[in-house]
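Student: Next come the chains, spelled out residue by residue.
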Amino acid sequence: MNAFLHALPTAATSPYAFAAYVVLVAAWVVTVWLRNQPYRKSLEIVKTFKDDRERNKSLAQLLGDSPPAHLKNDQILDWLKIKSSEKTRAYLLIGVVAVLITVTVIVVVAMTTARTPAAGSIGSPLKIRVRGAGNDGANCLPLPEGARIGVNAANAAPHFATINGCEAKLDWPVDWRVGQTAHVTVENAGGFVLDEPNTAYTLGNPDWEVVMRSAPKAPRLLVQVNNYPPEGPLFDQFYGIVSSKIRVLGDRIARDHPACDYMRDLRVEKTGRVDDRSANRTLLDWRSTNALLFLSGMFRRDGTTDYVRSTPFFGELASKDADLNSLQLELRIDVSELQQTTDSHSLAVLYALAMDARRLGRPNDVVLTFLGEAVSVAQSIDSSLPGVAALKAQLRKAIQDLGAPIPPVL
Amino acid sequence: MRSASTQWRVSLLGLLLASAVLVNARQPALVGLLVAPFAGEQPLASQTATVLQLQTWQTLRLAPPNNTHHLSFGRGIVQWAEWAPPAVHSEALAQLSNTASQMVLWGRVQKLGNGVVIQAYLSVAPNSGPQAGDMWRLDLPELGPSKTSIGVSLPATFFEFAPIVLRLDLIPLFNSRVGTSPANVPVYRDRTFRDQVGVLGNAFQATEQGPDVARVKTPDVEGWISIPGLSTTRNEVSDFAGGMIRIYRRDWGGAIDLLQRVVDARDQPVGIRVSSYLLMSAASRKLHDQIGEPDRSLEFAEAAERLNPYLRETVKYKCMALLARRTQPDAIRQLDSTVKASSYLFPKDDPWLAKVTAVVGRAR
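For the protein sequence lines, the chains are B and Z, in the order given. First residue of the first sequence: 318, per the numbering used here; consecutive thereafter. First residue of the second sequence: 600, per the numbering used here; consecutive thereafter.
Don't take each hint at face value.
Said to hold, decoys possible - Using 35 Å as the maximum straight-line C-alpha spacing, the simulated DSBU-like pairs for lysine-lysine come out as follows: (1) B/Lys709 - Z/Lys939; (2) Z/Lys954 - B/Lys587; (3) B/Lys389 - B/Lys364; (4) B/Lys534 - B/Lys709; (5) B/Lys714 - Z/Lys954; (6) B/Lys367 - B/Lys389; (7) B/Lys714 - Z/Lys947; (8) B/Lys444 - B/Lys364; (9) B/Lys637 - Z/Lys954; (10) Z/Lys947 - B/Lys534; (11) Z/Lys939 - Z/Lys954; (12) B/Lys709 - B/Lys587; (13) B/Lys709 - Z/Lys816; (14) B/Lys709 - Z/Lys710; (15) Z/Lys816 - B/Lys714; (16) Z/Lys939 - B/Lys637; (17) B/Lys534 - Z/Lys710; (18) B/Lys587 - Z/Lys710; (19) B/Lys444 - B/Lys404.
Stated by the list, open to error - Just a sample of chain B residues kept apart from chain Z, beta carbon distances all over 12 Å, derived: (20) Tyr356; (21) Leu379; (22) Ala386; (23) Ile418; (24) Ala471; (25) Asp512; (26) Lys562; (27) Arg572; (28) Asp623; (29) Glu633; (30) Pro680; (31) Glu690; (32) Ser693; (33) Ala721; (34) Pro725.
Don't read these hints as lab results, they were simulated from the structure. Just so it is clear, the structure is predicted and the values come from calculations on it, not from any experiment. All residues carry an ideal CB built from backbone N, CA and C; glycine is no exception.
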């Protein structure tokens, strides 16, 4: 009801209401005119004609009803008043209907306005910021493209805003239904859900903060790549090749293994910044961003040869008895070593995917699909390269943990 | 995305016979490979795609040499397109619609440091040809009428090759002798490749094939084309793609020949070599059934298993090889031990494995 009363002034000044006012005024003008015009003409007829028969004939033509014969002029005037009052009731009915139509229009517009805020009509758009849950949650969650927030106010149609980066903008006036509350929903958010779905957000507040967390059973499908200093063309080439390799890997596994079709959503994203976080902060971000793997590192030059030192961070997917999160892969940046570079990163991704499948409680054959692919990839990588032997050792252990025989090829 | 001016052409090659025609309609009777445009720096990316297209084209054949068994494999085609380069497998497969091809070769040319590498992929359309579950099928009459056969499809539908390191010294040669599409490949008077007499155009015949060269005849000109290698070592992309075309055309012996080169290439990814061995395994049994050649299907499947024992498809192909010879002594025992040793790779109550187990149980 409050929303309706708030909307009444808006409805009363809406274009629809103005159209109804015009109709109302026109109806009343016509009504008054139609009521008075025959009476005035009748008076003229009474004054003009001396012969009763001619007078009655003219009055019959005007009013559609002939007055009784032999009436005197003052009696004729009484008869005319009686006749006019009959017509007046009909005209008043038209006027009342016009009033009702106008009121109905205003009510309908008010109800519609109460349900739907006018986009961008007043003030700035509503800003909704999305962040990770908990005191240590990430300030900005890496939601997939197409993620959106729905805002549901009471008795109003839901409104949706696409989340770009970690912010959504809802194009409606912030002063719509000031003081009332709304709830939010999320769609296409990958593995993220609302931390507290029943939170009420106050209308009139121009900035909302929506807190989200990863769903416990959502697969981790994001590989975040931090900038490798010194940034430049070499990093762009490295990122292009490694990200392409990981995307193709996800696409291929999803195609050829129906039980792993969720791999279609495997994403690789650049953070756009060099990783200077503490180990603790990195772990907290890994938890709240639902990432599979963080890749950080640097390039170094030795003579004319460039090397990349890459550190994959597996978070809690790393085996507890191995210091996998401090593992450093060191690879030569050279076309002849390209396969070593891409395969060593693919191996890290496949191992993380297998460990995540285990965390999710997927059947052993699904976990072994990833480990089997990893065994194929691992054979192309030289174990003498820094970091590779440790990664292969974890792969062997993961296979053994499933009760499968240790591969002689590793 | 295809532009309005997009056109695609098809080249057909028979035994010492090649032709190319401009087409715009589906030709379902053909087995074909589409070479999509490669992404990356131009004109190098287009020249790379042209070389791979012509190299694969060279692997097509109508029948084996010395065709004592009077085999005929029908017509195979290698098409090329002038559309936007695909970036992922699904985009590559989308380019197959309204073409005569069942598979697409695509990729990208990338700079890294001071060099250039070519990354090539082969995507095979699902539910086309052998992929529809009939790569290899065996009758199992002992299981009764409701379970009369068992089969496997292709070992995979998406193949990623080892990166090819481009020979930088070849770039001037590419610019002079390789067109940005097969239609504008220069044709020379002789094998010195000095005197250009025309271009391949849209219709041509091959009258002689050689390593890195082909003698061609077009309506306007006759001469030689150069098909330079991309790297210092042989690249197996065209061998594998040609082998896959031969599988689709039921040229089993020819497929084994080409795929043998792939498994011998130690720098190819294990995944590619495993798939090659498994295709060879099926092809070998088919060749045995076709013309009585020795059955090496188990040998090839076991070679794949040695490369990676954790792949379900490898176990399936090994079981197929053993099922095909189940009347031989010891085959059922081997089948039983294979199933027991590898069942952990399969989902619980997997119907395919249950059928194999039933065969073992029936034989005992």
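Student: Does each hint hold? Answer for all of them.
Tutor: Going through the hints against the structure:
Distance restraint check for B/Lys709 and Z/Lys939: the Cα-Cα separation of roughly 26 Å lies within the 35 Å cut-off, and the hinted pair is therefore satisfied. Among the hinted pairs, Z/Lys954 with B/Lys587 is inconsistent with the structure: their alpha-carbon atoms are about 48 Å apart, more than 35 Å. With a C-alpha separation of about 12 Å, the suggested pair B/Lys389 and B/Lys364 falls inside the 35 Å cut-off, and the hint holds. Pair hint B/Lys534 plus B/Lys709 holds up; C-alpha atoms about 27 Å apart against a cutoff of 35 Å.
With a CA separation close to 32 Å, the supplied pair B/Lys714 and Z/Lys954 stays within the 35 Å bound. At most 35 Å may separate the alpha-carbon atoms for a hinted pair to count; B/Lys367 and B/Lys389 meet this at roughly 11 Å. With a C-alpha separation of about 23 Å, the suggested pairing of B/Lys714 with Z/Lys947 holds against the 35 Å cut-off. Restraint check: the Cα-Cα separation between B/Lys444 and B/Lys364 comes to about 77 Å, which exceeds 35 Å; the hinted pair is violated.
Between B/Lys637 and Z/Lys954, the direct Cα distance comes to roughly 41 Å. Violation of the 35 Å bound is thereby established for this hinted pair. In summary, the hint linking Z/Lys947 to B/Lys534 is supported, as the alpha carbons are separated by about 21 Å, within the 35 Å threshold. Only pairs whose Cα atoms come within 35 Å are accepted, and Z/Lys939 paired with Z/Lys954 is accepted, the gap being roughly 14 Å. A distance of roughly 26 Å separates the Cα atoms of B/Lys709 and B/Lys587; the hinted pair therefore holds under the 35 Å criterion.
For the hint linking B/Lys709 to Z/Lys816, the alpha-carbon distance of about 54 Å lies beyond 35 Å, and the restraint is violated. For the hint pairing B/Lys709 with Z/Lys710, the CA-to-CA distance comes to about 29 Å; that is within 35 Å, so the pair holds. Note on Z/Lys816 and B/Lys714: the hinted pairing is violated, with a Cα-Cα distance of about 61 Å set against a maximum of 35 Å. The straight-line distance between the Cα atoms of Z/Lys939 and B/Lys637 is roughly 32 Å, inside the 35 Å bound, and the hint therefore holds.
Proposed proximity of B/Lys534 and Z/Lys710 is contradicted: the alpha carbons are some 40 Å apart, above 35 Å. Distance check on the hinted pair: B/Lys587 and Z/Lys710 sit about 20 Å apart at the alpha-carbon level, within 35 Å; holds. Using a Cα cut-off of 35 Å, the hinted pair B/Lys444 and B/Lys404 is violated, with the two alpha carbons roughly 60 Å apart. The claim that B/Tyr356 is not at the interface with chain Z holds, since no C-beta of that chain comes within 12 Å of its own (minimum 76 Å).
Its beta-carbon lying about 74 Å from the closest one in chain Z, B/Leu379 satisfies the requirement of being farther than 12 Å from that chain. For B/Ala386, the requirement that its beta carbon stay farther than 12 Å from each beta carbon of chain Z is met, with the minimum near 89 Å. With a minimum CB-CB distance of about 53 Å to chain Z, B/Ile418 clears the 12 Å threshold, and the non-interface call stands. Remark: the non-interface label on B/Ala471 is consistent with the geometry, its nearest Cβ contact in chain Z lying 43 Å away (cut-off 12 Å).
Every Cβ of chain Z is farther than 12 Å from the Cβ of B/Asp512; the closest lies at roughly 33 Å, confirming the non-interface assignment. The Cβ of B/Lys562 sits about 8 Å from the closest Cβ of chain Z, inside the 12 Å cut-off, so the non-interface label is violated. Consistency note on B/Arg572: stated as away from chain Z, yet its beta-carbon is not over 12 Å from all of that chain's, at 5 Å minimum. The Cβ of B/Asp623 sits about 6 Å from the closest Cβ of chain Z, inside the 12 Å cut-off, so the non-interface label is violated.
Once the 12 Å rule is applied to beta carbons, B/Glu633 is consistent with being away from chain Z; the minimum gap is 25 Å. Residue-level check failed: B/Pro680 sits 6 Å from the nearest beta carbon of chain Z, not beyond 12 Å. Non-interface call for B/Glu690 relative to chain Z: violated, since the shortest CB-CB distance, roughly 8 Å, does not exceed 12 Å. In this structure B/Ser693 is not separated from chain Z by more than 12 Å, as the shortest Cβ-Cβ distance comes to only about 4 Å.
Residue-level check failed: B/Ala721 sits 6 Å from the nearest beta carbon of chain Z, not beyond 12 Å. A Cβ of chain Z approaches the Cβ of B/Pro725 within 12 Å, the least distance being about 8 Å, so the stated non-interface status is violated.
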